[in-house]
Amino acid sequence: MTTLIEPPTSPVEAAPRKRVPAITGAGAQRALLVTARWVGAFAGALALFGILLMIKGANPLDAYAAMFRLAFGQQTSIDEIFIRMAPLVLGALAVAVPARAGLTNVGGEGQIIIGGVAACGATRLLGEDLPGGVLIIGMLLAAVLAGALWAGIAAALRLFAGVNEAISTLLLNFVALNVLLYLIYQSWRESPTGQPATAELVDGAKLPLLTASSRINVGIVIALVLTVLVAVVLTRTRWGFQVSVAGGNAEAARRAGLNVPKLVLSALMIGGALAGVAGMIIFAGTEYKLRDSFGYQIGYTAFLVCWLARQRPFPILLGAFLMATLSVAKDSLQLDSQIPGYAIYVLTALILMAVLGFTTPRKAKV
Amino acid sequence: MSNRKTTALLAGLALIAALSGCASASESGSDVKDDAGKGVTKIGFIMVGPKDDYGYNQAVYEGSQALKADFPDVEILTAENVPEDDTAATTMEQMISKGAKLIFATSYGHLDAAVKVAEKHPDVIVLQQGNTITTDVPPNMGTYFGTVYEPMYLAGIAAGASTKSDKLGYVYAFPIPQTIANINAFERGARSVNPDVETITAATGSWCDPSAQKDKAAALLKAGADVLTQHQDCTATVINTAKEAGAMTVGYHADASALTPDLWLTGAVWNWGPLYKQLVQKVIDGTFVGSEFNANYRVGFKTGTNPFVLAPYGPLVSDDTKAKIEAAKAFLATPDGSPFVGPLKDNKGKEQVAAGVVPTYAENDAMDYFVDGVIGSVK
Amino acid sequence: MSLPVDVLAAGVAGGTSIMFAALGETIGERAGVINLGIEGSMLAGALGAYVVAVETGSPWTGVLVGGIAGAALAAVHAFLVVWRRANQMASGLTVLFLALGLTALFGVKYVGSGKKLDHAFDVWNVPVLHDLPVVGQILFEHNALVYLGFVTVPVVWFALFKTRIGLLVRTAGERAETLTVHGYSVPWLRTLAVTCGGFLAGIGGAYLSIGYANAWRENMIQGKGFIAVALVIFAVWSPVRVMAGAWLFGCALSLGSALQARGYEVNQFLLQALPFVLTLVVLTVIGRRTLSSSPAELKKVFENAETG
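Chains as they are written, first to last, in this note's numbering: chain A, 203 to 568; chain B, 1354 to 1732; chain C, 28 to 335.
Next comes chain A alone, as it looks inside the complex (with noise of 0.2 Å):
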């Protein structure tokens, strides 16, 4: 599957940006070289991890087998794959909106905190009686509203204090989290004798799963459809070209009278409305409560799938889908190979290195 990522192609896509190698007529050679990189850093990756097994005592190719066959040979591995995807999915394109716009979000885990919180704020607000759809629909509303204001705070501070975006979010994080230990150990806790969570939300307003057979649920069409709406968005609207042309050149931007601070304002809050539906997908459709470990590393996981997928929204699912099968595949290192699970930390952080500095040719001058 490594081999299928490529750069940009498509004229349409690839238009705003800058450095694209062209693949045009001679550029086949090229292509292939780059597929040869692709495939050369995911190899590498996997060696040095496997030498590390080595160290730890197992035997890599046993422990490899063992983790595909984990989480690809039975049906609840499979599920929980595509049940982890879709928040990375949509922390992925919180961080690639943004990026359009030249701004760095590092903040989508406190995004998604700040998400599920406003999910349960929805259903307390709205009370139980509703209708599931309706409630389903406030939680949706309100994840959204929230993410935007919560990463609006980090926007405007740089748009009326010229704070940096990447320290703000990153500092914003930890507020979220002290947000929601307040929410669920103090005043939305459900019982004050039981476990710190709020209370589990009523059974209509669960998303609904795809099939009957299968515990997927909707999020990751709610991610796919996202993707393409974000795609669509900033390769086919007035908004999207301008977003990449400030995020190209502000002082450009500035003389061709767009409005950049709208632009860093809107990109930025609209990452954080992705960011605040993945915090409510991960409530209404796997935790169904707030605790403690609410979202735990999913934003920063998901930082780390936009740069893996060079920050374009189609990559992003297959980027996904690889850290959301680490995540799942995690749990056979222990049980299989007696490898503490967060050695999968080292394997995903070795593909990022191989990735950000082995798939471009680019080199610094001395």
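Read the hints as simulated data drawn from the structure, not as lab findings.
Treat the hints with care, since some could be wrong.
As the list claims (entries may be wrong) - Listed next, the in silico DMTMM-like pairs over lysine to aspartate or glutamate satisfying Cα-Cα at most 20 Å (straight line): (1) B:K1701 x C:E201; (2) B:K1451 x A:D538; (3) A:K408 x A:E392; (4) C:K327 x A:E453.
Remember, it's a predicted structure, so these values are computed and weren't measured experimentally.
Given chain A, put chains B and C in place with the hints provided.
For chains B and C alone, coordinates are given in the frame of chain A:
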């Protein structure tokens, strides 16, 4: 990416999704059989932290490994660092797919995932450690725990008798009922021998964050505490901080007297082995469903199998204090014995238990107030 | 002791790990490279120092190895962003994941039982100075690593502003093209700066594991590296202001503990969020100023998310 390639990739993903739909047809729920879990050959343990944390999870791990001696034919699967959310269900599912018919979900927050797995697998027994099922207990489930506040009450006696400043420090994570009962029992024990003693509390907001622990422990010492204890999953930092300041330690989870031999008083330590053995035997025999374990099972000094025991004494505990502790222990084992016999006021002055009333284990599991003498707030 | 003195003294002790990391990050950012992986360097430093201190019984060797471990991870970041021109934010987070995984994997033996550190650094009161009223208690009743922190501030300042190599590093962050014209290698200067920064961050981690908490635990840094990155901006890339900022943070952390321990009813979660909110507020207040005085090459990184 070209549209053609993208289409091909998405088609690939769709194919996997379709396959997953096919594979699912074989699974369906059915009623729990009376002998569910009989003859179990694989047992899964999930732990919220690392298996060698010198604390909660290590105690679980040691208990799980002790089973190997009693049941040599049983294979033990363990998974560490399993979060307290829906992903725990996946890990349990993986264990079941490997043939486990008995699952121990050993952290308080694993309950929801455990219930979900139990509902889906009527042939598997799922046991949860520490939490309480508030609805009807499903036939293939149970929760179990000891009454850790009983040994903490006894340790409180040692602390109350040893303190010079009449201030004890308690580092905890979050105000959950189990922790609150521990803190209350500790203060009650101390008060039973020293009417002036206070217990000051500080919350770290984490089950194991060493630098937060250091921060809280140092602040408690500066506020005048000369005995420190804790409810944390990892315990070394608080003990070391106390030792450096010349303060005494009451341990939790494990006998850490080796860390601070001169200033060690005593503590509440775990011994899960005997209870795990009872539970596993019941499941192997096929008699779990409907048994006393098929419930919110609690043990204490009254039942004699409390997995919490008092740690060995350090040199500072006098013979007189030891005698008082033995007497208190005997009292707790009587039918009316409890650290919380009324009258019991909370630290806002409100009466919580009327004079002469003995609260039940369940009531103690639901405490949401600090008793008189505890400095701190459950908010 | 009075509450303010307690809070300040605990703030100095608690802020020291952040100070080391932020000093290191200052060097890297002065050369035009931002490193979110500083959090990972701290983790590596914490584990490296703990393992060596336990195994050899020599805490100072531990500190050294902790620094080297931090530098090694920072070198990975430098390689990716300087030599392969990867995106700085993405590379930083990647390095953090690498550190999380590696330290959890290799640190597992040191989490709890068996391998234990008694205590590595004793509190040592500075003669004469610690007798000073108020100031003595706040500044001069700590362990050696805290004092090492005091010394590191002027050393970093001197190295950056009074030495030739410091000038070159700063020029790499301001007008890189002039260096190229004069035949200096910008990539090598940046690699050097980032790696040195990682070394200091590693010492910051070492301080946490063997000078403060006396324990190792996976993910024990808990966002302090991120705070350090923010702090550098907040301190307008000045080592002296970094020190003041780190102490302010330490105080924000210790204020909650001190209030709780004195029986004040304070909200635990509000207190935990305080350091992060505080940073945002300070950044907002001084934001414009920092933007105008940021190293020019760093500004490019901030203003334009490089693709890569």
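Comparing the hints with the structure gives:
1. B:K1701 x C:E201: Violated: B:K1701 and C:E201 sit about 61 Å apart, past 20 Å.
2. B:K1451 x A:D538: The given pair, whose Cα atoms are some 10 Å apart, holds under the 20 Å limit.
3. A:K408 x A:E392: 18 Å, holds
4. C:K327 x A:E453: The given pair, whose Cα atoms are some 13 Å apart, holds under the 20 Å limit.
Hint violations for this structure: number 1 only, all remaining hints satisfied.
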